[in-house]
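Trainee: Add chain B to chain A, keeping to what the hints say.
Number of protein chains: 2
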Amino acid sequence: MIYFDNAATTYPKPESVYQAVNRCMRDYCANPGRSGHKLSMEAGRRVLETRELLAELFGAKKSENIIFTLNATDALNTAIKGVVKEGDHIITTSMEHNSVLRPLKQLENLGVETTIIKCNMLGELNLIDLQTSIKENTRVIITTHASNVTGVLMPIKEIGEIAKQNKLLYIIDSAQTAGTYKIDVSDINVDILTFTGHKGLMGPQGVGGFYVKEGVNLRQLREGGTGSMSESLMQPEMLPDKYESGTPNTPGIAGLAAGIKFIKEIGIDKIRGHEEEITSYFLKQVSEIDDIIIYGPNDIKKQAPVVSLNIKNRASSEVSFLLDNQYDIATRPGLHCAPLAHQTIGSGQQGAVRFSFGYFNTWDEIDKAIIALKSIAKEECF
Amino acid sequence: MIYFDNAATTYPKPESVYQAVNRCMRDYCANPGRSGHKLSMEAGRRVLETRELLAELFGAKKSENIIFTLNATDALNTAIKGVVKEGDHIITTSMEHNSVLRPLKQLENLGVETTIIKCNMLGELNLIDLQTSIKENTRVIITTHASNVTGVLMPIKEIGEIAKQNKLLYIIDSAQTAGTYKIDVSDINVDILTFTGHKGLMGPQGVGGFYVKEGVNLRQLREGGTGSMSESLMQPEMLPDKYESGTPNTPGIAGLAAGIKFIKEIGIDKIRGHEEEITSYFLKQVSEIDDIIIYGPNDIKKQAPVVSLNIKNRASSEVSFLLDNQYDIATRPGLHCAPLAHQTIGSGQQGAVRFSFGYFNTWDEIDKAIIALKSIAKEECF
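Residue numbers (this note's numbering), protein chains in the order written: chain A, 1 to 382; chain B, 1001 to 1382.
Same shape as in the complex, but just chain A (with noise of 0.2 angstroms):
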C-alpha cells in the first residue's frame, strides 16, 4: 500500500512511537497525577516530559500553557467556545475544516455572530476583507495555518498583527502544519494554538490538544477529577488541570513524545524539505497530464504538502477508488470535511481526490502516483 493520506493522519510513524506507547502499557501506565506510588508519578513524568517537548516545540514558555485533549476537534470545541459569548462576532475564512465551521454554526443558535470570508479560487485569503470584517463586537479571528484541501497556508504572521491591533483574540488551528511547519508563539500574535498529534507530529492517534497564552482565560468544556483540589466541588483554575479533567492518554502521549524527538532528531526543515520536494515534482509531473485540474496554489511555497485534483469531471470517489483498487494508492476523496473550501476553489459538487505525502514518502511512491494518474485519465468514463 502506497499511503498518501498524511493530512488525515501520518502512517505509517517512526518505530520508537511504536515502542514508547507499548512500553508505557507495559511498564508503567498507572494513572498519571492521581497518586503518588512509583508507577503513578512515572506516568505523570512521562506526561509532564511530553508538555515540555510541545512548549519547546512552540516556543512557549511555560509548559502548564500546553493542554491535552482527544484530539484537535476536542481543542477547537474548548478554544471556540471558551472565550465567546452571546453578542461576540467571530471572524474565519471559507477555508476551514468542519472542526472550525460546526461549532460556529452550532454557536450562532446561542447568538453569537459569524463572518465567514471567502478566499479566493486557490483558498488565499485577502487581508483587506479580513480587515473590514472586523466590527464593534468582534472579539476573535480563527483560522487554519494551512488549508487541509489544497494545503494552502495562511498568512498567520500578519492575520496575528491585525487581530493584536485590533485586540483581538486569535486563534490558529494547526493541524496541517504541527511538526512541519515552524510555529512560534512568541514570534507571532497567537491567543490559542489548537494541534493535533497524529499527523506532522507523528504521535499516536487520540490525543490532540492547545497552547493557551498566559492570562488568556476560557471557559472548560468539561470538568471533574484533576487529581488536584480534589476537595472542591469546583474546577480548579490553575493550569493545565483547568481544561484537563479524567484520566488522559497516557499511552497516547507517551507515543507523541516519542514522535516530536524524532521531529528534533531529523530536523523540522529536513522534514519540511523532503515532503515539500516531493510535492514539488508531484505537482510539475501531474501539470503535464491531460484532464488533470489541480486546485490550489500550485506552489509548494504556498501550500502544505497537500494535493486536490480531478480528472476532468469524473467523480472523485470513482477515481480514488481506482486508486486504491488496481494501484494500491491510498488517497482521499469527496469534500474532506471542508465544503465551503471545495465551493470556495469550484469543487463543491464533485470534491477531490487528495494526495497528501509524509515524510516517510518516496520518490518512487511518487513516480507510481504518477503513473497510475497518467493511466486513469486516459481510461474512458464508466
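Worth double-checking, as some hints may not be accurate.
In silico lysine-lysine, DSSO-like type, Cα no more than 30 angstroms apart, as pairs [as the list claims (entries may be wrong)]: (1) K1182(B) / K1312(B); (2) K105(A) / K1242(B); (3) K213(A) / K242(A); (4) K38(A) / K1118(B); (5) K38(A) / K1284(B); (6) K301(A) / K284(A); (7) K1038(B) / K374(A); (8) K1038(B) / K312(A); (9) K242(A) / K1242(B); (10) K242(A) / K1118(B); (11) K1378(B) / K38(A); (12) K1062(B) / K1157(B); (13) K1213(B) / K105(A); (14) K105(A) / K1302(B); (15) K118(A) / K1242(B); (16) K1302(B) / K1182(B); (17) K85(A) / K1085(B); (18) K85(A) / K1242(B); (19) K1038(B) / K368(A); (20) K1261(B) / K242(A); (21) K378(A) / K1062(B); (22) K1105(B) / K1085(B); (23) K1118(B) / K1284(B); (24) K1061(B) / K1264(B); (25) K1085(B) / K242(A).
If you are wondering where the hints come from, they were derived from the structure by calculation, not from laboratory data.
Mentor: Frame of chain A; chain B shown alone:
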C-alpha cells in the same frame, strides 16, 4: 511492585491488549471512516467491532447507541450537559466522583438546580430519600454504580424503576463496575450508561464512552468533522456520528476490543468471583488488625473490590507512602476526587488509603499487604 490502584486504572492489562494496540498502530492505523481506501476501511471495521462488543456486553440492541469519548469524564459531561436546561432539577448522591459533582456545580451557575442526597456512613443510599427529593422540575437522576471510595454498590435497578415511574432520565456512571459486574440495559431502566475503557474493561487509557437509549436525544458537547454528511455545516443527527467529532483514538479502541474479548473468554463471573474472594479475605484479615478503621459496607456482596481504610488518625498520604516506599505496594491516599463521599463516611479531613483490587492480583499479594499493614499499624506515628 504490587499494584492495588485498579480503581484508578487497571494494571497490568491482558497481553492481548498490548498486542492489539501495537498491531493497530503498525498495520492499519489510518483514519477510520474518513476515506474509502483499504487501511481506512480496516480501521473503521475495528472501531465498529469494539462498538459491537460493547453493545453485546451491555445488552444494547444497536451498536450505534455506543459512543466513544476521551474518558468517562468526557462521557459524563456530554450526558449531564446534554440533557438539562435552565430551571431543570437533577438529583444525585453524596458518593459521586467529581466527574459528576463538578459538572453539576458548574450547571448551578447556569440556573440548574441540584440535590445531592447524603448517603449513610457506609455510603448507602436510602431510596426513600431519593423519592422525596423528586420535584416538579426534576428531570434527571444520576448515580454511580459503585463508589470509587468504598466500593459501595448503588441499587441501580430500583433507582431505575423510580426514575421510570416519575418519567425521569436515569444516568449511571459505571466507571468502577463495567467489565466486572453484569450491566444489562435491557433489564435496567437506564437512559445513559457512561463507562471507561481502562478500568474493568481492561483496555488502554484514552477511551471512555456511553450507551444512550434509543430516542434519548442529547445536545452534543462538540461539533466537527465526522466523515459523514461533509457537505453540511450542521452536526449530523445520526448516531454515533452526532457525538463523535474528530479522529477517534483508534489504537485505544482496538485495545479495548481485546480487553472485552479477554473478559468474554475468562467470563465476567469468574473475574468478579476472584476479585470478590481476595477482597473478602483482605477485609476479614484487615478487620482484625488493631487501630485500622475500614470504611464502607465491609461486605463484598455490597461493594465492588475497593477498600478504603485508615490507621487511627495517621495521615493517609503517610501510610500510602510507607506502603509504596518500604513494601513496594501501590495504593492511593487522599480524597480520590470524591470529597463528599469522604465527608459522608467520616474521612473528609483525613482522606483514606484506598486498596483497589483487580483480576491479576494474587493471594500472595494480598497476604503481603496484610503483613505490611500490620507492621505499619504497630509503628509509632512520626
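Trainee: Do the alpha carbons of K1085(B) and K242(A) lie within 30 angstroms of each other, as the hint requires?
Mentor: Since the Cα atoms of K1085(B) and K242(A) sit roughly 23 angstroms apart, the hinted pair holds (cutoff 30 angstroms).
Trainee: Holds or violated: are the alpha carbons of K1105(B) and K1085(B) at most 30 angstroms from each other?
Mentor: holds, 14 angstroms
Trainee: Keeping to a limit of 30 angstroms between CA atoms, is the pair of K118(A) and K1242(B) held or broken?
Mentor: Given that 30 angstroms is the threshold and the Cα spacing comes to 27 angstroms, the pair holds.
Trainee: Given the hinted pair K1182(B) and K1312(B), is their Cα-Cα distance within 30 angstroms?
Mentor: violated, 36 angstroms
Trainee: Given the hinted pair K378(A) and K1062(B), is their Cα-Cα distance within 30 angstroms?
Mentor: violated, 45 angstroms
Trainee: Take a quick look at whether K301(A) and K284(A) sit within 30 angstroms of each other, Cα to Cα.
Mentor: holds, 14 angstroms
Trainee: Starting from K1118(B), check that the Cα of K1284(B) is at most 30 angstroms away, please.
Mentor: holds, 28 angstroms
Trainee: K1261(B) and K242(A) were given as a pair; does the straight-line alpha-carbon distance stay at or below 30 angstroms?
Mentor: violated, 36 angstroms
Trainee: Checking one constraint from the list: CA of K1062(B) to CA of K1157(B), max 30 angstroms. Satisfied?
Mentor: holds, 22 angstroms
Trainee: For the pair supplied as a hint, K242(A) and K1118(B), is the alpha-carbon distance within the 30 angstroms limit?
Mentor: Holds, at roughly 27 angstroms.
Trainee: Given the hint that K242(A) pairs with K1242(B), does the C-alpha gap stay at or below 30 angstroms?
Mentor: holds, 26 angstroms
Trainee: Take the C-alpha atoms of K38(A) and K1284(B), compute the straight-line distance between them, and say whether it is at most 30 angstroms.
Mentor: holds, 28 angstroms
Consistency with the previously given hints fails for numbers 1, 4, 14, 20 and 21, ordered from lowest to highest.
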